[in-house]
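Visitor: What follows is each chain in one-letter form.
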Amino acid sequence: MTTRTHFQEELEGLERAALGGLDMVASALDRALETVMNHDIELAGMVVADDDRIDGRYLEVHQGILSLLALQAPVAGDLRLVAALLHVIKHVERMGDQCVNMAKLVPLAGHEPPVDSRMLDLIQRMGIQARQQVIQCGQAFERRDVAMAEDLVRQDDEIDRLNREVFHHALELGDELDRREWAMHMMLVGRNIERIGDNAVDIGEQTAFVVTGLFREFEDASHPQLAPPTA
Amino acid sequence: MVTREKAASPAEHKPGAPREPIFELEDVTVSYGDKPAVRDVTFDIAKREITALIGPSGCGKSTLIRCLNRMNDLIPAARVEGNVVYHGQDLYRPEVDPVEVRKRIGMVFQKPNPFPKSIYDNIAFGPRVLGMKGDMDEIVERALRHAAVWDEAKDRLKTNAFGMSGGQQQRLCIARCLAVEPDVILMDEPCSALDPISTGKIEDLMIDLKQEYSIVIVTHNMQQAARVSDRTAFFTVTPEARIGTLVEFDDTEIVFTNPKDPRTEAYVTGKVG
Numbered sequence: 580m581t582t583r584t585h586f587q588e589e590l591e592g593l594e595r596a597a598l599g600g601l602d603m604v605a606s607a608l609d610r611a612l613e614t615v616m617n618h619d620i621e622l623a624g625m626v627v628a629d630d631d632r633i634d635g636r637y638l639e640v641h642q643g644i645l646s647l648l649a650l651q652a653p654v655a656g657d658l659r660l661v662a663a664l665l666h667v668i669k670h671v672e673r674m675g676d677q678c679v680n681m682a683k684l685v686p687l688a689g690h691e692p693p694v695d696s697r698m699l700d701l702i703q704r705m706g707i708q709a710r711q712q713v714i715q716c717g718q719a720f721e722r723r724d725v726a727m728a729e730d731l732v733r734q735d736d737e738i739d740r741l742n743r744e745v746f747h748h749a750l751e752l753g754d755e756l757d758r759r760e761w762a763m764h765m766m767l768v769g770r771n772i773e774r775i776g777d778n779a780v781d782i783g784e785q786t787a788f789v790v791t792g793l794f795r796e797f798e799d800a801s802h803p804q805l806a807p808p809t810a
Numbered sequence: 681m682v683t684r685e686k687a688a689s690p691a692e693h694k695p696g697a698p699r700e701p702i703f704e705l706e707d708v709t710v711s712y713g714d715k716p717a718v719r720d721v722t723f724d725i726a727k728r729e730i731t732a733l734i735g736p737s738g739c740g741k742s743t744l745i746r747c748l749n750r751m752n753d754l755i756p757a758a759r760v761e762g763n764v765v766y767h768g769q770d771l772y773r774p775e776v777d778p779v780e781v782r783k784r785i786g787m788v789f790q791k792p793n794p795f796p797k798s799i800y801d802n803i804a805f806g807p808r809v810l811g812m813k814g815d816m817d818e819i820v821e822r823a824l825r826h827a828a829v830w831d832e833a834k835d836r837l838k839t840n841a842f843g844m845s846g847g848q849q850q851r852l853c854i855a856r857c858l859a860v861e862p863d864v865i866l867m868d869e870p871c872s873a874l875d876p877i878s879t880g881k882i883e884d885l886m887i888d889l890k891q892e893y894s895i896v897i898v899t900h901n902m903q904q905a906a907r908v909s910d911r912t913a914f915f916t917v918t919p920e921a922r923i924g925t926l927v928e929f930d931d932t933e934i935v936f937t938n939p940k941d942p943r944t945e946a947y948v949t950g951k952v953g
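Chains as they are written, first to last, in our numbering: chain A, 580 to 810; chain B, 681 to 953.
Treat each hint with caution, since some may be false.
What the hints assert, rightly or not - Derived DEER-like restraints, expressed as beta-carbon distance ranges:
| hint | chain 1 | residue 1 | chain 2 | residue 2 | range |
| --- | --- | --- | --- | --- | --- |
| 1 | B | Gln903 | A | Ile620 | 51 to 61 Å |
| 2 | B | Gly814 | A | Ser646 | 54 to 64 Å |
| 3 | A | Thr584 | B | Leu810 | 51 to 61 Å |
| 4 | B | Val952 | A | Glu639 | 29 to 39 Å |
| 5 | B | Arg699 | A | Arg740 | 45 to 55 Å |
| 6 | B | Asp863 | A | Leu638 | 50 to 60 Å |
| 7 | B | Ser872 | A | Ser646 | 22 to 32 Å |
| 8 | A | Gly599 | B | Thr918 | 52 to 62 Å |
No lab work stands behind these hints, which were simulated from the structure alone.
This one's a predicted model, so the numbers in the text were calculated from it and none came from an experiment.
For every residue, glycine included, the Cβ atom is placed at its ideal position computed from N, Cα and C.
Between the sequences and the hints, there should be enough to build the whole structure, so can you do that?
Guide: Right under this line is the structure:
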């Protein structure tokens, strides 16, 4: 016999709302990338304005979780899910902010900046990779699939590699002031995309917590030698 | 690397830490007539801890707690098999005096059950019967203080105990239990007839009392088990055979955050009734 159906529906609704935030991030990321690729200042403004929707989702889920904790006193697996959702929605909100940061960099690069196609290609590849991770972390959470969540680390290595390439390519872009300035901005764009990937990995860690009840970092930047082997 | 172990609470609650047992139950089966009510229960109850027994109605938790001070002896058809070991001694050896057992292992029931006597006589009754030495006034005051009901009772010690509120009566019953200097206090749903304030007082009292006593509590209120107990035993009952069994016994924190058995998970999260 199943009881507390109302509570279970509320909890499922909160999970849907939190993971739905990742879809919002994916579309914000698409537009932020388009903004960068096409140097579209108008679209940049829309990305910034639309972040209010993601922030609204954060507030909605956060408030829902507080109510659930106060009124329903979830325990065991339910409690772990609620705790994880608090983290998930925080990461969603941050990824939204990182899309905003990318968009805000576009007008700063000047009116007709001296773009470099290889640099744009690297940024685009980073963006596509990050988008894939945003989707995958949501699917892994929804399916409670720890292996899929752990795979995010492997995926994130690719973003990190591309990010280093962006850095090196920026150094090679020559001495001209405008070009150097544009390259700096692209490095910052790359940095923001790289952070989106990290947030996706963090959501993967929450998946493992919900399933196993143990929290562990998939990769420990401060103690790399302790990190578990990854495929 | 952040791990749950590192973030865990003080050493006294460390999962799996050795604890000195006061009761050791080994394959305990209690039957009424031919029908077992609870079967093959094995676990240790630690000294100076609060152990909670939880589970749905009919899972045998009240039957089991009554074994711990031989209350089931009073039911003619009740039969206890297996070993109930108390301080290393089999509680059910023929030479063990059940009255002595109940002096050492006191019990508090769901409904406060003071004697129809004065507050003072309620407390003094046990010590008098047992011929305890010492100043009776002192014994009464100590017990009432210990049970956190002295301030409310001191000016009306000679009045009838039935004049007290339900919560006060329940603390009086705990005081009555403490007056004979027990070692263990068994509580069978001690707060289910009380309002939240009285419940809170009893819960605070339980936590204070575990400095000196070992406490076993049966409760239907899972939040109460979570709030007060150090370890929790979850029992369930099979719908077909209607026999209670122990499903999981662990640190309370684990039972309510990461239980091992899916039946425990389903019960504590309210997914099964």
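Visitor: Honestly, which of those hints from before does the structure not fit?
Guide: 8
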